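The primary structure of each chain is shown beneath.
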Amino acid sequence: MMTGKIMMRLKQLQKRPYIAILIVLSFVAAACSSSTEVSANGPDQINASPEYGESLQDWAEFNGDDFKPEIPPMPGYEPIVWEDLVPAGFSSDEIYAKYADQLASIEAGSPEANALYEEMQGEYDGDAINVELDGEKIQLAGFISPLNYDDDIITEFLFVPYFGACIHVPAPPANQTILVTVDKEDGFTIEETYGSVWIAGTISATSTTTDLATANYTIAGDQRGIYEVY
Amino acid sequence: MNSKSQTVIKLDQLKFRWPNQIADTIEIDELQLEAGEHLFVRGASGSGKTTLLNLLAGIHKPTNGKVELLGQNLASLSVSQRDQFRADHMGVVFQQFNLLPYLTTLENVTLSCAFSKRKQLRASESSEVITTAKNLLSGLNLSEELHKAPVSELSVGQQQRVAVARALIGRPEIVIADEPTSALDADNRDRFLDLLFQEVDAQACTLIFVSHDPQIAKRFERSIELTGKRELEGVL
Amino acid sequence: MNLLRITLKSARFRKVSLLLTVLSIAISVVLLLGVDKTRKEAKSSFLNTISETDLIVGARSGPTNLLLYSVFHIGNATNNISWETYESIAAKDEIAWTVPISLGDSHRGFRVMGTTPDYFEYYRYRDKQPLTFDSGERFDDTYEAVVGSDVARDLSYKVGDEIIISHGLVSADFANHEDKPFKVVGILKKTGTPVDRTTIVSLAGLEAIHIDWQSGARSGVKLDAEQALQFDLTPKSITAFMVGLENKALTFRVQRDINEFENEPMSAIIPGATLAEFWRTISAVEQILLIISGFVLLTGLLGMLTTILSTLNERRREIAVLRSIGARAIHVMVLIMLETLLVVIAGCITGVAMLYGLLALGRPIIARRFGVDLGLSWLDPTQQLIIIAVILGAVLVGLIPGFIAYRRSIQDGISLKV
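Protein chains in written order, with our numbering: chain A, 34 to 263; chain B, 11 to 246; chain C, 635 to 1052.
Hints listed in this document are in silico derivations from the structure and should not be mistaken for laboratory results. Be aware that a few hints might be false.
Said to hold, decoys possible - Derived pair list, reagent style BS3-like, types lysine-lysine, alpha-carbon separation capped at 25 Å:
#1 C/LYS649 to B/LYS158
#2 B/LYS228 to B/LYS20
#3 B/LYS158 to B/LYS144
#4 C/LYS824 to C/LYS792
#5 C/LYS674 to C/LYS823
#6 C/LYS674 to B/LYS127
#7 C/LYS817 to A/LYS217
#8 C/LYS674 to C/LYS762
#9 B/LYS158 to C/LYS643
#10 C/LYS762 to C/LYS823
#11 B/LYS25 to B/LYS71
#12 B/LYS127 to B/LYS158
#13 C/LYS674 to A/LYS217
#14 C/LYS817 to B/LYS144
#15 C/LYS817 to C/LYS762
#16 A/LYS217 to C/LYS643
#17 C/LYS792 to C/LYS817
Unchecked claim - Short, incomplete list of chain C residues facing chain A, as computed with Cβ under 7 Å:
#18 SER678
#19 PHE886
#20 ARG890
Said to hold, decoys possible - Simulated DEER-style distance windows between Cβ atoms:
#21 C/PRO1015 to A/PRO106: 29 to 39 Å
#22 C/PHE647 to B/SER192: 19 to 29 Å
#23 A/GLN256 to C/GLY696: 34 to 44 Å
Given the structure is predicted, the values throughout are model-derived calculations rather than measurements. C-beta atoms are modelled at their ideal positions from N, C-alpha and C, and glycine is treated no differently.
Based on the sequences and whatever the hints tell you, model everything.
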């Protein structure tokens, strides 16, 4: 009888609970280690978590050709990339192009090279702001550095182009750092910030009105999501 | 009241054999009981008394022949229909442990009506179910103060009488008693039988009484004996 | 008399073993919900400790360490920042405001913090809430102090009371600065942050206390409160300082500049980010706790199964009687499962009650030790789902004895095979 068999198996389990627990534990340990990997990447990322300083592009490339994350298209919102925040004439490509000949003629690592890089850095004005973007509805993907929490939801954060903008890489300049505010319902959990996210909202591009004229991008976010293969 | 001339129980060419047995446990060519008749079933243990009761109650289906109760062939009913038939038309008294220990006397008696609407209706015809129950208990010499008592406080004899009340409430047509006096001493046994017959006759039930005690047989006008093989019918 | 009433009366008859089962379910529920709740409350409370501060700067140290001692008052700084360095950083154009703080003293078990009155202006918590006063106001004078709500409650302080500060974190008598009492001028409203457990004085006040201490020990010269005031009470060093920027977009740049400051090694952290980093380390522990709770639930359910299976034996006569008076096999199954349902629901209710009891008791203790305030909010949707899962799990498990009883009652017939 079926019930007889069930009874027998239950009795066996009762006699040797330790074996049952060991088996289940080993399954769980296997599942757990792989799940911590996943959660370290953020809920839906499929590959290794971004390295410190990795830009969105680097990270996408690292994950292989098939990994082309996208922001779901939204009517009324224009997708932009981080370079768009730099006005014409100040982009790193343009500056590099200016110095390209000089760089070609000197030795890398020499004191002249270092001096040249310093000069280039000086040209690169992190405060140059692209005022054409002011008031536009845009979409952008990037990484989060949390600022303000409402309970455990991040409602205000700094948005940057590369991950863990902390120690090992140059600090993102002011025009590559956006202050974003969202409502609590649209906010992010900490776990979601371990990888890249996208936001959509109205960007305002102003300079601060103090003695120091610095770039000041802010976004009032309307929509948001995890930046992943869509 | 049950009609006196109706055939209540009819057994026809009844055979029953357990699987893997070579011989029949039950073999009854013919048995017919009218309303109000009392049948004594005698047999040593192992002779198939229990099997006969289970056949009558519709628990088992016969391997041959048929069991017809109140004109209904039990074999043509489904399992749950047979269960309901039993609930509606039968009352059962066992040798012991008839009652639910967590209910009072009255609650035990009225419990039959919880499982049979028919009994519920018939028990409430002239008065409330509780009153009918109380009357039955009083008729069985169980006084008022025992009615609300938990059954654990009753003696065995008292418990057996409560079982009779429960079997009779709702006026089922058939009452089956399986060795109800085996746990009683001689005096209690006789008194029990007096009361049993009194109440059974008041409702004109058909009584089937199983026992190994030949002393009791004298009080029955009909009896059969089960030998495990064939029955011997006698009319006393 | 219906099936439910029969179940209830029958269960009452066997209450001892059923109560034990109820208890084991209750304990599983307490663990499952307790872990989830504590985790969420702790996380929320933790993350809401500080808000609207762009950077916190201390002597070079790991970010977590700096966060813990400066904001949570857990642990200690190994070194201080010189006052000159602080002033030169504070003078940077990018910086809108700074609030210097000095830690290291204690008052009857609560930490003492020296700071400027700006602290009350700029410290925010829980989604930009400012500090508010229950009574009194911020300190003005050298020997004035503001206390947090827990300090006032535990030590029964009112505005106007005089208190003594001790050196170091041990309130031993030999370390008392007896000659310089402070007056309580303000009591803060409860915040649910470590501020509640802090006594706040001015930097000048802390200097005055230490003026006759050299390297941690009393020097030969003793100065009283009046005399101390004659000295320049600008601190020579501070433990850390909070920073607000003109433009938050400059956060990383300023942080980098401070970290690379040549004259003195310092660390600047972005509180929001460091809070997240720290919580991330803890989250692995969370997962383990949840898994263990899952196992405890499994054990509870198996225990329930064992008990209900054994009740099948106990109830054999009962079931036979019920069958004989007309109960069908399906009724028997329903009776068994109703009891399972009652047991698990009772277990859940008991568990939730026990949970809130434990939370209410544990709340002050945890606040004291970890600076984290466990709120007593009701169960959130995830936790309600946990309860439903427990009930469903038990019902599923209860199908086994239910089905066994069903089969048995068909086979047993109406006679009692005892």
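Evaluated hints:
At most 25 Å may separate the alpha-carbon atoms for a hinted pair to count; C/LYS649 and B/LYS158 meet this at roughly 22 Å. The hinted pair formed by B/LYS228 and B/LYS20 meets the criterion: a straight-line CA distance of about 23 Å does not exceed 25 Å. Annotation: proposed proximity of B/LYS158 to B/LYS144 holds, straight-line Cα distance about 10 Å (limit 25 Å). For the hint linking C/LYS824 to C/LYS792, the alpha-carbon distance of about 15 Å falls within 25 Å, and the restraint holds.
Restraint check for C/LYS674 and C/LYS823: the C-alpha separation of about 24 Å stays at or below 25 Å, so the hint holds. Between the alpha carbons of C/LYS674 and B/LYS127 the distance comes to roughly 55 Å, so the proposed pair goes past 25 Å and is violated. A distance of roughly 42 Å separates the Cα atoms of C/LYS817 and A/LYS217; the hinted pair therefore is violated under the 25 Å criterion. About 20 Å separates the Cα atoms of C/LYS674 and C/LYS762, which keeps this hinted pair within 25 Å; it holds.
Restraint check for B/LYS158 and C/LYS643: satisfied, since their Cα atoms lie roughly 15 Å apart, inside the 25 Å limit. Simply put, C/LYS762 and C/LYS823 have alpha-carbon atoms about 15 Å apart, close enough for the 25 Å limit, and the pair holds. Taking the CA atoms of B/LYS25 and B/LYS71, the gap is about 10 Å. The hint holds against a cut of 25 Å. For the hint linking B/LYS127 to B/LYS158, the alpha-carbon distance of about 24 Å falls within 25 Å, and the restraint holds.
A hinted pair counts as satisfied when its Cα atoms are at most 25 Å apart, and C/LYS674 with A/LYS217 qualifies at roughly 16 Å. At most 25 Å may separate the alpha-carbon atoms for a hinted pair to count; C/LYS817 and B/LYS144 exceed this at roughly 84 Å. A hinted pair counts as satisfied when its Cα atoms are at most 25 Å apart, and C/LYS817 with C/LYS762 does not qualify at roughly 29 Å. Note on A/LYS217 and C/LYS643: the hinted pairing is violated, with a Cα-Cα distance of about 51 Å set against a maximum of 25 Å.
Between C/LYS792 and C/LYS817 the alpha-carbon distance is near 10 Å, which keeps this suggested pair within the 25 Å criterion. Given hint, C/SER678 at the interface with chain A, holds; its Cβ is 4 Å from that chain's nearest Cβ, closer than 7 Å. Evaluation of the C/PHE886 hint against chain A yields a held restraint, the C-beta minimum of about 4 Å falling below 7 Å. A least Cβ separation of about 4 Å between C/ARG890 and chain A falls short of the 7 Å threshold, and the interface hint therefore holds.
Checked against the given bound of 29 to 39 Å, the beta carbons of C/PRO1015 and A/PRO106, roughly 31 Å apart, stay inside it. Roughly 26 Å separates the CB atoms of C/PHE647 and B/SER192, a value that falls within the hinted 19 to 29 Å. Hint check: A/GLN256 to C/GLY696, Cβ distance near 37 Å, so the stated range 34 to 44 Å holds.
The structure fails to meet hints 6, 7, 14, 15, 16 from the earlier list, while all remaining hints are met.
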